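Q: If you read the sequence shown in this note's numbering, its first letter stands for residue 25, the second for the next number, and so on.
Rather than coming from a laboratory, the hints here were simulated on the basis of the structure.
Values in this document were obtained by computation on a predicted structure and should not be read as measured data.
Honestly, I wouldn't trust all of these hints.
For lysine-lysine, the following DSS-like pairs were computed, each having C-alpha atoms within a straight-line distance of at most 27 Å [unchecked claim]:
hint	residue 1	residue 2
1	LYS240	LYS68
2	LYS168	LYS228
3	LYS79	LYS194
4	LYS186	LYS231
5	LYS194	LYS241
6	LYS167	LYS231
7	LYS192	LYS228
8	LYS99	LYS231
9	LYS228	LYS79
10	LYS68	LYS186
11	LYS76	LYS241
12	LYS68	LYS79
13	LYS210	LYS192
14	LYS210	LYS231
15	LYS79	LYS140
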Amino acid sequence: MGIVSQEAILELQALMDSVEEPLNITFQNVHQGFRAETLVRFLKARDWNVAKAHKMLVDCLHWRVQNTIDDILAKPIVPIELYGAVRDSQLIGMSGYSREGLPVFAIGVGLSTFDKASVHYYVQSHIQINEYRDRVILPSASKKHGRPITTCIKVLDMTGLKLSALSKIKLLTIISTIDDLNYPEKTNTYYIVNAPYIFSACWKVVKPLLQERTRKKIQVLPGCGRDELLKGSFHVDLPEPAAEETEIAKSLESELQKFEKGNMLSKSTDGIKIDDD
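I would like the entire structure built from these sequences, with the hints used as guidance.
A: Next comes the structure, spelled out in structure tokens:
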């Protein structure tokens, strides 16, 4: 990291030292002890412009406070039947780790219908998964490997993708906006597998919604992508979860536990409601 980058980090650090207490408290949940790495994420998202990165981070913290994001893991989707419907129609789950220790998430994009509940429940579920990743999975991986691990890998399975998926573009835009503004630079690489012939048509619609830095991280693999994913540095390892994490994991991990077996594998968050309360 160059001298300019180090200076930018120190400058942003000084600005963040002066934020008021409510924002400082939620900032601790964001950085999980890795302040420098967190500052770098926001600086990267704003091309190392300190003023813009500071505004982005402060806006993120205000969003967290206003929507009580710190408490979202303690707010289950109820009743249980509704939670089950959301999980059955929003297919995402943790599948293991890369050899570098990065968590791997499999997302059944093609078979996710997002039609069993209101939009805000899917948004709530998405944020809960983000928070579980950032506050449980990544800190655990960092502790295991003795170094900061602050990003993940996502495998997007397009099996079953239909043009009708574009009818959910509003929801996908909301989720994309939340991730871009509040969870920047959290995904190292996106691997797209099992892409059907209509994928190119859908991609033309979705691509403009993504930040350029996100588009550069996307790789489309042939077929199910198994050979590409399992060679080199990408290796799926499924450790036994710690006892104290088991109950949370049961609630947040989905059916895509073993994707490696084959086929299944200017924006603003202003006005986006997390719940109906």
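Q: It remains to establish, for every hint, whether it holds in the given structure.
A: Evaluation of the provided hints:
no.	hint	result
1	LYS240 to LYS68	holds, 14 Å
2	LYS168 to LYS228	violated, 40 Å
3	LYS79 to LYS194	holds, 26 Å
4	LYS186 to LYS231	holds, 16 Å
5	LYS194 to LYS241	holds, 23 Å
6	LYS167 to LYS231	violated, 36 Å
7	LYS192 to LYS228	holds, 15 Å
8	LYS99 to LYS231	violated, 33 Å
9	LYS228 to LYS79	violated, 31 Å
10	LYS68 to LYS186	violated, 34 Å
11	LYS76 to LYS241	holds, 22 Å
12	LYS68 to LYS79	holds, 13 Å
13	LYS210 to LYS192	holds, 23 Å
14	LYS210 to LYS231	holds, 19 Å
15	LYS79 to LYS140	violated, 36 Å
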